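Its first residue numbered 1, the sequence shown is counted upward by one per residue in full-length UniProt numbering.
No lab work stands behind these hints, which were simulated from the structure alone.
These numbers come from a predicted model, not from an experiment.
It is possible that some hints are incorrect.
Below, simulated DSSO-like cross-link-like pairs (lysine-lysine); rule was C-alpha separation at most 30 Å, straight line [stated by the list, open to error]: (1) 677 <-> 405; (2) 16 <-> 54; (3) 788 <-> 775; (4) 532 <-> 551; (5) 542 <-> 498; (6) 754 <-> 729; (7) 870 <-> 775; (8) 770 <-> 799; (9) 19 <-> 63; (10) 754 <-> 792; (11) 775 <-> 720; (12) 677 <-> 792; (13) 788 <-> 590.
Simulated DEER-style distance windows between Cβ atoms [what the hints assert, rightly or not]: (14) 533 <-> 789: 31 to 37 Å; (15) 39 <-> 134: 31 to 37 Å; (16) 444 <-> 897: 54 to 60 Å.
Think of the CB as a built atom: it goes at the ideal place given N, C-alpha and C, for glycine as much as any other residue.
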Amino acid sequence: MFSRLPTNVSPHFSHKLLKSLLNSGDLAGARHLFDKIPAPNLHSWTNLISAYTKQGFPNEAIKLYYLLREKNIQVPDRVVLISAAKACAACADLSKAEDIHEDAVRFGLQSDLLLGNALIDMYGKCRFYEGARRVFDGLPVKDVISWTTLLSCYVNCGLHREALLAFSEMGLNGLRPNAVTVSSILPASSDLKCLDSGRQIHGYVVKNGFGDNAFVTSALVDMYASCSCLKQAQLVFDSMPVRDIVSWNVIVSAHFINGESEMALALFGRMRTQGLPLNYDSWNTVIGGCMQSGHNTQALELLVEMQKSGFKPNHITITSALPVCSNLESLRKGKEIHGYIIRNMLFDDVTTTTALIYMYAKCGDLELSHWIFNRMPRKDTIAWNTMIIACSMHGNGEEALLLFKNMIKYGIRPNSVTFTGLLCGCSHSRLVDEGLQIFHSMSTDHYVEPDADHYSNLIDMLSRAGRLEEAYGYIQKMPMEPTAAAWGALLGACRVYKNVELARIAAKHLLEIEPDNAGNYVLLSNIFVSAKLWGEASQARKLMEDKGISKAPGCSWIQVRNRVYTFAVGDKRNEKSDMIYKFLSEINDKIRLAGYLPNTDFVLQDLDQEEKEEVLCNHSEKLAVVFGLLNLTGESSIRVFKNLRICGDCHNFIKHTAKVFNRQIIVRDSMRFHHFKEVLRGKMSRDWFVYSFVAQGAVILAEHTAQSSNLSGVAAQWLKTLNRPAHRKFTMNYDRHIVNFLADDGYFYGVVAKESVGSQILFAFLERVKGDFKKRYGHGKGDTATEKSLSKSFGPVIKEHMQYVVNHAQEIDQLANVKAQASEVQVIILDNIKKVLERGEQLNSVEDKAKELHELSVEYRETAREVRRKMWYQNMKIKLVILGILLLILALILWTSICHGFNCSN
Numbered sequence: 001m002f003s004r005l006p007t008n009v010s011p012h013f014s015h016k017l018l019k020s021l022l023n024s025g026d027l028a029g030a031r032h033l034f035d036k037i038p039a040p041n042l043h044s045w046t047n048l049i050s051a052y053t054k055q056g057f058p059n060e061a062i063k064l065y066y067l068l069r070e071k072n073i074q075v076p077d078r079v080v081l082i083s084a085a086k087a088c089a090a091c092a093d094l095s096k097a098e099d100i101h102e103d104a105v106r107f108g109l110q111s112d113l114l115l116g117n118a119l120i121d122m123y124g125k126c127r128f129y130e131g132a133r134r135v136f137d138g139l140p141v142k143d144v145i146s147w148t149t150l151l152s153c154y155v156n157c158g159l160h161r162e163a164l165l166a167f168s169e170m171g172l173n174g175l176r177p178n179a180v181t182v183s184s185i186l187p188a189s190s191d192l193k194c195l196d197s198g199r200q201i202h203g204y205v206v207k208n209g210f211g212d213n214a215f216v217t218s219a220l221v222d223m224y225a226s227c228s229c230l231k232q233a234q235l236v237f238d239s240m241p242v243r244d245i246v247s248w249n250v251i252v253s254a255h256f257i258n259g260e261s262e263m264a265l266a267l268f269g270r271m272r273t274q275g276l277p278l279n280y281d282s283w284n285t286v287i288g289g290c291m292q293s294g295h296n297t298q299a300l301e302l303l304v305e306m307q308k309s310g311f312k313p314n315h316i317t318i319t320s321a322l323p324v325c326s327n328l329e330s331l332r333k334g335k336e337i338h339g340y341i342i343r344n345m346l347f348d349d350v351t352t353t354t355a356l357i358y359m360y361a362k363c364g365d366l367e368l369s370h371w372i373f374n375r376m377p378r379k380d381t382i383a384w385n386t387m388i389i390a391c392s393m394h395g396n397g398e399e400a401l402l403l404f405k406n407m408i409k410y411g412i413r414p415n416s417v418t419f420t421g422l423l424c425g426c427s428h429s430r431l432v433d434e435g436l437q438i439f440h441s442m443s444t445d446h447y448v449e450p451d452a453d454h455y456s457n458l459i460d461m462l463s464r465a466g467r468l469e470e471a472y473g474y475i476q477k478m479p480m481e482p483t484a485a486a487w488g489a490l491l492g493a494c495r496v497y498k499n500v501e502l503a504r505i506a507a508k509h510l511l512e513i514e515p516d517n518a519g520n521y522v523l524l525s526n527i528f529v530s531a532k533l534w535g536e537a538s539q540a541r542k543l544m545e546d547k548g549i550s551k552a553p554g555c556s557w558i559q560v561r562n563r564v565y566t567f568a569v570g571d572k573r574n575e576k577s578d579m580i581y582k583f584l585s586e587i588n589d590k591i592r593l594a595g596y597l598p599n600t601d602f603v604l605q606d607l608d609q610e611e612k613e614e615v616l617c618n619h620s621e622k623l624a625v626v627f628g629l630l631n632l633t634g635e636s637s638i639r640v641f642k643n644l645r646i647c648g649d650c651h652n653f654i655k656h657t658a659k660v661f662n663r664q665i666i667v668r669d670s671m672r673f674h675h676f677k678e679v680l681r682g683k684m685s686r687d688w689f690v691y692s693f694v695a696q697g698a699v700i701l702a703e704h705t706a707q708s709s710n711l712s713g714v715a716a717q718w719l720k721t722l723n724r725p726a727h728r729k730f731t732m733n734y735d736r737h738i739v740n741f742l743a744d745d746g747y748f749y750g751v752v753a754k755e756s757v758g759s760q761i762l763f764a765f766l767e768r769v770k771g772d773f774k775k776r777y778g779h780g781k782g783d784t785a786t787e788k789s790l791s792k793s794f795g796p797v798i799k800e801h802m803q804y805v806v807n808h809a810q811e812i813d814q815l816a817n818v819k820a821q822a823s824e825v826q827v828i829i830l831d832n833i834k835k836v837l838e839r840g841e842q843l844n845s846v847e848d849k850a851k852e853l854h855e856l857s858v859e860y861r862e863t864a865r866e867v868r869r870k871m872w873y874q875n876m877k878i879k880l881v882i883l884g885i886l887l888l889i890l891a892l893i894l895w896t897s898i899c900h901g902f903n904c905s906n
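With these hints in hand, go ahead and build the complete structure from the sequences.
Okay, structure coming up:
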């Protein structure tokens, strides 16, 4: 239409035509015309920039403003700068905002009141209060709008006290706040929960007749609700002459805030029956309120109703709905919402994407959380914090620390939440030195003062590592009153390390803070039982009973084909109970051959060994895992959730089950996620071994530390409780590590490795260490050795065995499997022989069975010989390759020395 414009058309006509197109809403046509005008005037530039902003294209408006600057044909006036400032406020781009402010100063317009107000608003929307205050202070004359805009900026930046001070200062300067000012300042009282200032503002509202203003009264309702004055909020709402949809939304939110969720839902029902025109805020308020009050299923139902009513969920709706999926651990529903986000192009919103990251992490899929985070075009502090917390809750402290380094590298300033997540990750991953360094750098390097949560995580980290006295020292040095979390972390570690005296101190303080927490009494009782202090254990239980406190029963649940199945201890309510317990028995038999031994230390009843093992079989998480194995295909991950902490024996059971059945199993307990999967692919990683030792009784004679740790002191604590082990071989878990012991003739051989390493490999390593130790120090030579006196001579030997096992992990694993299978067949054959003898049958069949056993042993020896031969050939190949390389290097040296280089033409 405008491909050609007559050259004699006046600028006035072009401007009128452009304005007409803009008034009709034809932005594309207006831009097309604008581009054809040879020299558009300043009014045309201003109108088009303003139109882009009004129609929701602020970035295009900013581009147009920069084009005007580049052409440098006309000097922008205040109207152009005001339009540009509004566009910049809409897209909240601070760098562009500073350019516009700089232009205002360059052209001498910084004292203009209208432009100054627009610049204050622009900085406020960019959350840069320093710039807003600088513009405000530079204005020679300030009106009510100037003050109101500054107040809004302070509130928007979370500076509520400064906002209230500015409100008082405004009155001292002789300016009367209007209704907009009042509705802008009331959120400051709400967020500070400052009832006194809120009531004073309410008095000003009544005195100046602002009670009929819906925005003011809605802000008053919100203020009273935030200050826990629900009755007063309801009175203000009831006194309103006209209640619009905003007022209804606020009163519904007020009831949710104060825990009156049933009343809030009833009010929302009234809104619908009265035919009020619901808007996005109405739906978002009720869905978000249901999420925060624990009505998760109802929140999802309302999300469906919202769509049926013709409302497409927006960023705010999705941000409220995703935590519901996290609370329900519903990965399927979360993926549905993720699909909706992709289809409706909502992934450009940082808040929505961050909520998606957290949802996947809470539902046990950390890989998807990483995938989404890595593809975010823009990451704010909350996004970085969420990813750090996600790694921490999955026990991946190393990854959390790496994220923190990248966060600093990209110029994102960490806050208090960042360090809470980091310290939690260091605690779960036993990164004690790194955690201490992070804690001490908070105030010195990042200007964040440690709070009670930071101290609690630090104490938990030290306690888990066995540094109980150091943890207690930090509790005593806390600048605030120690919390239940701090004392609870210390008490829990006292059970692991059997420190009864410190447990008494921690329990005394903990029971004063939380006298009604059943878990504290149970934990204290268990500590006394482990120490054989039966009287004190009984006393702790009696104190709990006298107070009428009962411990919440443990339960685990798993989702299979959109249905949730819950299991309690010894549960037989499931219709497949017989099948579950039968398969559980079969699993126990299989994983015992892979190195699993029940850890009966977690059974605190006075039972014999066999009865204790039977009790362990009935734990709810085991039943849920078995149910998952029976009902989920091999490609599916098994995700189990538990309301209490997983016990050490169940942790070990699930680890071996995942290995034997080659399945990924994820367990979420009350503390964190535990990932179990078979990871032995090719060679072992060199960092899988952590620590190994040889001890006589409770005295460590020799040790080797492969990674930085304080396990030497921790191992000494373990040995004090293992003087008379129930088994020759036994296993325990220590945080994210597995600890294997081999007891023989008064000596203990121990190894600590990452929990993903199979017990078969670790016991094979210990057998090698034991054999070598006996060769060197057998026949009484080692009996006279003192503490760690053999570390210098035998420590390097332990290191060599570690290296050998790392390089030959597959062969060792294969050999151990053959041996286990032979052992299993041997047991079956001997059992059959026993049955044959009992029935008095012919001994010919016994002879046949014996021959089979002999053939099997021959086959086993042949397999072992073949494996050893392969290992010898492999080592010989490596040696020949190294020899060939050395000969080649020698030949090159001789060649260059004879020829004085590579040129032999001379």
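Verification of the hints:
For the hint pairing residue 677 with residue 405, the CA-to-CA distance comes to about 28 Å; that is within 30 Å, so the pair holds. Straight-line distance between C-alpha atoms of residue 16 and residue 54 comes to about 19 Å, which keeps the hinted pair within the 30 Å bound. Between residue 788 and residue 775 the CA atoms are separated by roughly 18 Å; this keeps the pair inside 30 Å, and the hint holds. At most 30 Å may separate the alpha-carbon atoms for a hinted pair to count; residue 532 and residue 551 meet this at roughly 22 Å.
Between the alpha carbons of residue 542 and residue 498 the distance comes to roughly 22 Å, so the proposed pair stays at or under 30 Å and holds. Taken as a hint, the residue 754 and residue 729 pair is honoured in the structure, with Cα atoms around 18 Å apart against an allowance of 30 Å. For the suggested pair residue 870 and residue 775, the alpha carbons sit about 26 Å apart, so the restraint of at most 30 Å is met. Distance hint between residue 770 and residue 799 is fulfilled; the C-alpha atoms sit about 13 Å from each other, no more than 30 Å.
The straight-line distance between the Cα atoms of residue 19 and residue 63 is roughly 20 Å, inside the 30 Å bound, and the hint therefore holds. Pair hint residue 754 plus residue 792 holds up; C-alpha atoms about 25 Å apart against a cutoff of 30 Å. For the given pair, residue 775 sits about 26 Å from residue 720 by alpha-carbon distance, which is consistent with the 30 Å threshold. With a CA separation close to 37 Å, the supplied pair residue 677 and residue 792 exceeds the 30 Å bound.
For the hint pairing residue 788 with residue 590, the CA-to-CA distance comes to about 38 Å; that exceeds 30 Å, so the pair is violated. Under the hint 31 to 37 Å, the C-beta atoms of residue 533 and residue 789, about 35 Å apart, fit the expected range. As the Cβ distance of residue 39 to residue 134 is approximately 36 Å, the hint placing it in 31 to 37 Å holds. Range check, residue 444 to residue 897: Cβ separation about 58 Å, and the 54 to 60 Å hint holds.
Figure legend: structure checked against the earlier numbered hints; hints not met, in rising order: 12 and 13.
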